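The listed protein sequences correspond, in order, to chains A, B and C. Under the working numbering, the first residue of the first sequence carries the number 1, and numbering increases by one thereafter. Under the working numbering, the first residue of the second sequence carries the number 235, and numbering increases by one thereafter. Under the working numbering, the first residue of the third sequence carries the number 986, and numbering increases by one thereafter.
Mixed in with the good hints, there may be bad ones.
Cross-link-like lysine-lysine pairs, in silico, DSSO-like; alpha carbons within 27 Å at most [unchecked claim]:
#1 A/127 / B/280
#2 A/156 / B/411
#3 B/411 / B/388
#4 B/820 / B/381
#5 B/965 / B/568
#6 B/648 / B/388
#7 B/648 / B/414
#8 A/63 / A/185
#9 B/414 / B/756
#10 B/280 / A/185
#11 C/1279 / C/1341
#12 B/820 / B/388
#13 B/381 / A/185
#14 A/166 / A/156
#15 C/1005 / C/1410
#16 B/529 / B/568
#17 B/965 / B/877
#18 B/280 / A/163
#19 B/648 / B/671
#20 B/671 / B/411
#21 B/388 / B/414
#22 A/40 / B/309
#23 B/820 / B/877
#24 B/965 / A/127
#25 B/877 / A/63
#26 B/805 / B/756
#27 B/756 / A/40
Honestly, the hints are just simulated from the structure, not real lab data. On a predicted model such as this, the values are computed, not experimentally measured, just so you know.
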Amino acid sequence: MSHRWGMVVDLDRCTGCEACVVACHAENNIPTVGEEQALKGRAIHWIRVERYYEGEFPEVRVKFQPVLCQQCDNAPCEPVCPTYASYHTEEGLNGQVYNRCLGTRYCANACPYTVRFFNFFNPAWDKPLHLQLNPEVSVRQVGIMEKCTFCVQRIKSAEVHAKMEKRDLREGEPTPACVQSCPPKALVFGDLNDPESEVSRMTRSRRGAKLLGELGTQPKVTYLQREDWNAKNI
Amino acid sequence: MERRDFLKATVLTGATAALSGCEKPAQKLVRFIPEEDLVPGVATWKPSVCTLCSAGCGLMVRILPGEAEVVRGGKLGTIQMGLAKKLEGNPNHPVNQGRLCARGQAGLQITYHPDRVNGPLRRSGPRGSGNFLATTWEEALSEVVSKLGEIRSKNRPRSLRVLSGRLRGQHGELVRKFLKAFGAPPAMVFDPLDEPVLRQANLLSFGQASIPSFDLARTNYLICFGADFLGTWNSPVAQSAGYGEMRQGRPGSRGGFVQVEQRMSQTGGNADEWIAARPGTEGVLALGMAHVMLKEQLRPHVQDNATRLIAGWSEGLPDYAPSPVEEKTGIPGKRIERLAREITAHVPAVAMIGGLPLAHTNGLFSALAVNALNTLLGSVGTPGGMFFAPRPPMQESEDLTEDGNFVRDLLGAKLDGTDVLLLHNSNPVFATPAAWKVRNSLAQIPFIVSFGSFVDETSELADLILPDHSPLESWLDDVPESGTNRAVVSLAPPAMQPLHNTLAMPDALLTIAHQLGGDLGKALPWESFQDMLQDSMAPLRTAGGMHPPPSPEAFWTQVQEQGGWWGDEPKQFGRLASPHGRAAVKFTEPQFDGEESSFPLHFQPYVSQAFLDGSLAHLPWMQELPDSLSTIMWGTGVEINPKTAQRLGIEQDDLVEVRSQHGSLMAPALLSPGIAFDVVAMAMGQGHDNFSRYASGRGANPVTILAPVQVAETGSLAWAATRVRVSKVGKARPALFSGGLFERPSELQSR
Amino acid sequence: MPRTSDEPNAHLVNHDLVNKDLLRPVALLSTRFFLVVALLGMVVLAGFSAWGYQLYNGIGVAGIRRPVFWGFYITNFVFWIGISHAGTLISAILRLANAGWRRPITRCAEVITVFALLIGAMFPVIHLGRPWQAFWLIPYPNERGLWPNYRSPLMWDFFAINTYLIGSTTFLILPIIPDFALARDKFSGWRKRFYGILSLGWRGTQRQWHRLETAMQIMAIIIIPVAVSVHTIVSWDFAMTPVPMWHSTIFAPYFVAGAIFSGIAALIVAMVFLRRFLHLEEYLPPVCFDNLGKLLLLMSLLWLYFVFAERLTVWYGNETAEVSVLWLTQRGPYRYLFWIMVACNFGIPFPLLAIKKLRTISGTCIASIAVVGGMWLERYLIIVPSLSRKFLPYAWGTYRPTWVEITITVATFAGMALLYVLFAKFVPIISIWELKVGMREASESELPIVAQADLRTDNIAPERANNQAGGRGQFQK
């Protein structure tokens, strides 16, 4: 049976600590762009924790919302890429083929979640920081779009190992870097094709909703709403 | 030429100079023989210990073979070696249970940092100029030995001082044994992240001067006074894990969470209810709730030491009725009544206090008040409440509280007469108020040795730098003080071979001890730290955790493989010792430095999500991590309420000056709705003068302008007690990751 | 008597004088010409240097950022492709409508089209992150079995623009051939050889004329839908994405109308300059500007209608993300640019073009310059505000262009002018034979066809032409 990878983000568990952000950097060779480029809005964070304020002091509320590539089934970024660098894989992921990318940045404009990032310059690591780079993930050059891949290298590796050992993938296997690191266990990842997997069960939760679902992108990340405990709290 | 560039240049020329004595000047990179069995492309996982904060989480390190430039036998060359590529939480470690925080993930960059001191250095210019020349380990160690021998022979062993960060586990044991055998005073610990007021309160209330742990997974209601427990305080990963379970881990049951603080922290953003009581009145609020609970008999009346410490408790806390509490805290009496009823209706419930409330001059009172509240709630040592992590049954020469205190010794002029200072894991020149003149005091010490891996504001004063291995290259051990209900001793062998010409600090101490000989040599008989660790673990073999107890060799192997030893899960929380406190306390107004008329705003520096106290500012991932609330990268900002800003004529991104009675700094203004009108806040950690290329000359350090006010009972810095004034001085451009600042969250559509 | 509005050049009767006047700019090389070329050339060179700088250092030297990934370059792209609609309208549509007043301006217009397309088509390459692989957009068989994604509007751009370019170039070059032949016959020396090659052996036979006419007719019919499709497809670069205020069905006609609008304005500007500096006052009489001015007015009203319709529906529909973009341009930081744009596209042109007294050559010139600027701004305001405020406010961001983008933008205007100046130096900018046809038709509308055909052969027999005209002699080098 083929897999269909999906994720659940439980906003009631998420504390906004950004462990996922740094774990992703470490796993996926994401370049550090430096202050000057960060000022120009070119910092790359494949997963980011969005923070929204509501209200005024002292009735202030904060909402944390981790946003990553939603791997949409009806992805707006896929039809617009002239070279098929952005395409839909058989396991439901939105794949980004670095080699094929020309850097038109059309996909980034089309993405309503603004989860696609661009390499405006060639990345550089002051030696010996380059020794940390993960050899299982390509380093992207100037002009190439990149985004969250659900740690496809881990998915592939897990599938290869399972195949070698002649068994199915187990629950919790594979695990993207963000999911693995999250201290309050707010992120859940797994196979949506398996109705009994934890991610499938949680996707069916009554608290579940899709981010910008009204746009029809059919994202595969379900957000579980933060519950309002004692809504009378004023 | 910039100081750090000169340093780099001198180190490089120094290295070549040292080598040219015996080799040809033209350097060709030698290829060394691999020191390990490596299979290309195959990853191995090795346990390790995270040393970046006091939580002491367990790590698993992913090792993949790769080629690196290293120094072996004084020669520069390349070698195939196992390289750490990724850090994860150790799934078996009781503290973090397989999870890891943002800072823990970034620790990987320490090993590969371009500005790591990669060999022993000797000062070659005036002290503090940053001029160092490379030297050899032989020369460096023998110089230390001769200096120590000198003071020992002059019968002045008390002129040796050690200034260190937190000392735990055998690491700490080694330092203590060394100093005791040498005849020197105890090490001076300087750990800005420690909570001395909380320790003192717990000693008085519960008989244990320890940092508490919290069973959040089984709590129904948590009220937290000021502690950023989901971010940086105490054991954030363990607490976050418990918090996640508290919220959604029990089907049908969701714990509620109230946060009390003046500036919305990352933790506070998750609260169901956020209460901004006036600064320094957190204890009053806690007792206000207790008053209602006593009056309305919502809880069985309890008489325990913790409650006896509060004056007026047995009379039902008449001073803390809703009306006077409202006057002091600014929180309506009705709300306090509701909180009290709510919390008792949802037991098990627990109260937590830490961070800013304990940094006021009346911090001890607040801590004792919360201890009393917890006692009333019945949450001390019970499921869903607070408890103290059990200590492993190991040989310990001294109690933790016996360690010296740097601030106390500094301010008590106890540093006078110091001839030799050994620095380890501590940067007080950076993390103390300028008013304390730490740099001047330290600079007068004739001989300073630093074991640090980096040149920073404190270690740049050193005469000798004996660089330690990075944590991943070291034998590590730790005894976490909180975040676990089992006794834990973390232990791990090095995950990697050393990249540079460094030496593990414990091994350096042992070498020095052996060369000095005498009592010192006898007190530290081990050849290496590894041996000392093995010996120290022996009593744990039969102390539980592994059933049946394995043979000594098997035990030692298993401990190394799993990343430590942990005891059995206890059936209940440990019993408390007998409390020490006798005198009942009452509320005193917090004292602030600076007249309100000239300095109208409270200044609240806070421990930074990215840099903690500044010790992680050199990590590029942390510099580029957008702060959860302000989203700032590569800088600091002054958080100020938009109404206050408007009143002062300040707009977003304006450059403002923050002035206290003891100094001023400049930083961009960050308008933030989540902060009280009379408070401004700044993250700690930036404003380094000299701490690698990524942190130097960047941002501003809020600690420098703090008033030298101390909490009377502990002598610790009351870092919430400074008042400031803020004015616009120009324009700035902070690197904010977020575009919209006050926008509504995107509306999520229900299916 | 000729209908003055239809045949503006009816007052011209002397063919030889016509030849001389219209070939003189080609013949003379003045200091001023070299000065102008040098000046424009330097600006163009600066543009190329900026592009080289960008190629070397990476696209990051431009101001684009997250989330505004398209900025000046795509603005220029859309703008120049828009300008290229001048030729089609004038040449093709007016040709099909048999409007005589098009005769002196067809070539001016068609030239704008070709050069604007060439310039515009550079920008998809300039803005790429990896332009050295731009050839992947060409569908060619390769060992990896990879083809471009035909679903992408950028590929539709690729085909549409190339088709339009080929079509317009054909449309431009074909009717120049008789004029090249005239030049070949009138000039001597290197020019004779040069134009001899270019005239491709044109003898002006009946059959050749017939073929030319047929070809022009076919091209005129084909080129109109092609041109409409080009800017429709360019608009779909935006409309096919779910970006707030891009995802609008109105974009296709809105862009086509805007393109024609900006094209006419550019044409007027070009004509005004030509008229002044090449002394073509006789050949570009005020009635041309009057008629073009009326067309410009019509397009301005049409433009206003589209803008209003789009904004009203966005405001009325009150969809959160779209409305926030709307306010960004109405009340937010972009409001100054917005109102300048409205002033340039409507506020200034309307009175200048609607009031007959003001609809002079200077009037239409001022209006046109305003429109050219306003339409550039309009492209910018379509692209940048929408991208800077998409659906998730946390991800909003502001765009600021850098010197690289500004230099290249300015260089394109200089480049257009340079190409135009060079073209006008080597090719008669007014189609001589078409003009003469107009002259004949005006004065001798009852002549039999044979005689008309006969008269059109006057450019192959210089002696005869000379005799007829009274012997003006051949032009010297």
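Each hint tested on the structure:
no. : hint            : result
1   : A/127 / B/280   : holds, 24 Å
2   : A/156 / B/411   : violated, 51 Å
3   : B/411 / B/388   : holds, 21 Å
4   : B/820 / B/381   : violated, 51 Å
5   : B/965 / B/568   : violated, 44 Å
6   : B/648 / B/388   : holds, 19 Å
7   : B/648 / B/414   : holds, 18 Å
8   : A/63 / A/185    : holds, 17 Å
9   : B/414 / B/756   : holds, 12 Å
10  : B/280 / A/185   : holds, 23 Å
11  : C/1279 / C/1341 : holds, 10 Å
12  : B/820 / B/388   : violated, 50 Å
13  : B/381 / A/185   : violated, 53 Å
14  : A/166 / A/156   : holds, 15 Å
15  : C/1005 / C/1410 : holds, 14 Å
16  : B/529 / B/568   : holds, 14 Å
17  : B/965 / B/877   : holds, 19 Å
18  : B/280 / A/163   : holds, 25 Å
19  : B/648 / B/671   : holds, 14 Å
20  : B/671 / B/411   : violated, 30 Å
21  : B/388 / B/414   : holds, 17 Å
22  : A/40 / B/309    : violated, 43 Å
23  : B/820 / B/877   : violated, 35 Å
24  : B/965 / A/127   : violated, 35 Å
25  : B/877 / A/63    : holds, 22 Å
26  : B/805 / B/756   : violated, 41 Å
27  : B/756 / A/40    : violated, 61 Å
The structure fails hints 2, 4, 5, 12, 13, 20, 22, 23, 24, 26 and 27 (numbered hints given earlier, in ascending order).
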